[in-house]
Amino acid sequence: MLNIATLGPKETFSDLATHQYINAQPESFNIKYYSSLSETFKAIGSECDYGVLPIENLSEGYVQVVLDHLLSTDLIVVSELLLAIQFSFVANCAKLSELTDLYVQFVAHGQCSEFINKLSGVTIHNTQSNIESLLLARNKGKGAGAIIPQHALPQAQEGCLIQKNVTNYENNQTRFLVLTKQAQPRLAGASYKTTLVVKNENDCPGVLGNIVNAFASQKVNLTSIMSRPTKSQFGKYHFFIDIDGHQLDDNINASLKQISAEYPVTIIGSYIKAN
Numbered sequence: 001m002l003n004i005a006t007l008g009p010k011e012t013f014s015d016l017a018t019h020q021y022i023n024a025q026p027e028s029f030n031i032k033y034y035s036s037l038s039e040t041f042k043a044i045g046s047e048c049d050y051g052v053l054p055i056e057n058l059s060e061g062y063v064q065v066v067l068d069h070l071l072s073t074d075l076i077v078v079s080e081l082l083l084a085i086q087f088s089f090v091a092n093c094a095k096l097s098e099l100t101d102l103y104v105q106f107v108a109h110g111q112c113s114e115f116i117n118k119l120s121g122v123t124i125h126n127t128q129s130n131i132e133s134l135l136l137a138r139n140k141g142k143g144a145g146a147i148i149p150q151h152a153l154p155q156a157q158e159g160c161l162i163q164k165n166v167t168n169y170e171n172n173q174t175r176f177l178v179l180t181k182q183a184q185p186r187l188a189g190a191s192y193k194t195t196l197v198v199k200n201e202n203d204c205p206g207v208l209g210n211i212v213n214a215f216a217s218q219k220v221n222l223t224s225i226m227s228r229p230t231k232s233q234f235g236k237y238h239f240f241i242d243i244d245g246h247q248l249d250d251n252i253n254a255s256l257k258q259i260s261a262e263y264p265v266t267i268i269g270s271y272i273k274a275n
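For reference, each letter of the sequence shown is one residue, going 1 to 275 in our numbering.
Don't read these hints as lab results, they were simulated from the structure.
Quantities reported herein were computed from a predicted structural model and do not represent experimental measurements.
Note that CB positions come from ideal geometry on N, CA and C, so glycine has one too.
There may be inaccurate statements among the hints.
Derived Cβ-Cβ restraints for the label pairs, each shown as a range [stated by the list, open to error]:
| hint | residue 1 | residue 2 | range |
| --- | --- | --- | --- |
| 1 | K236 | K164 | 39 to 47 Å |
| 2 | A216 | G110 | 26 to 34 Å |
| 3 | G141 | P229 | 48 to 56 Å |
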């Protein structure tokens, strides 16, 4: 049986995405839960064979801590998953004016900011996972509330104040990546996406233009470009890039050869696009 790492505890969105992945696989998996995204990432390839991590939210953009880990990893992305994300508010009080403390996962905070910003005189506590928010609010007792996944509402205590769907956007989604140590064979006829990072170690004018033009000249479609600081000095950035197609496609291979002649390129993975 294979071990797969994800952000815990059970019933987090990461847990749902993990079940979505393993239910479609022929192998048997044992899910191991970790208390932070960094711990989850570090477990892949050591304690676990696979891992599932959130990489991008439709409204809030990329999960920065995951991007930073991808900069220095030898792990490979082998799949992506899309999950609908909706949040609800629960509290140990009879009315909203009695709320004193709110527990919310640090990524969910941004996705529910419109609701949170309307709260007055409430202490906000950021957590590592949505289910942790529920547990902490339950332990805090009277006056405490939490932003939790809509699917976790049955876990709310009887008599709680409940407000469904406090998400900023109705069509909110999060994209997850599945990572492991070994690339998977290419499947004929499947639509692929490739994720890579171009490391801009010697900053000079025209770097981004050169990268974009190399793909454009080969008619490669770029779906996303995200810059991340090199953490060496201000103004220096690496570029995370998503493109349509497989790294073995002739036009992508030609583009990568052109770019890698000037800048270090790391392919993080080619994988079937999520529906």
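Going down the list of hints, with the structure as the test:
Restraint check, K236 to K164: a C-beta distance of roughly 45 Å satisfies the suggested window 39 to 47 Å. Range check, A216 to G110: Cβ separation about 32 Å, and the 26 to 34 Å hint holds. With their beta carbons about 41 Å apart, G141 and P229 fall outside the hinted range of 48 to 56 Å.
In summary, the structure is inconsistent with hint 3 from the numbered list given earlier, while agreeing with all the others.
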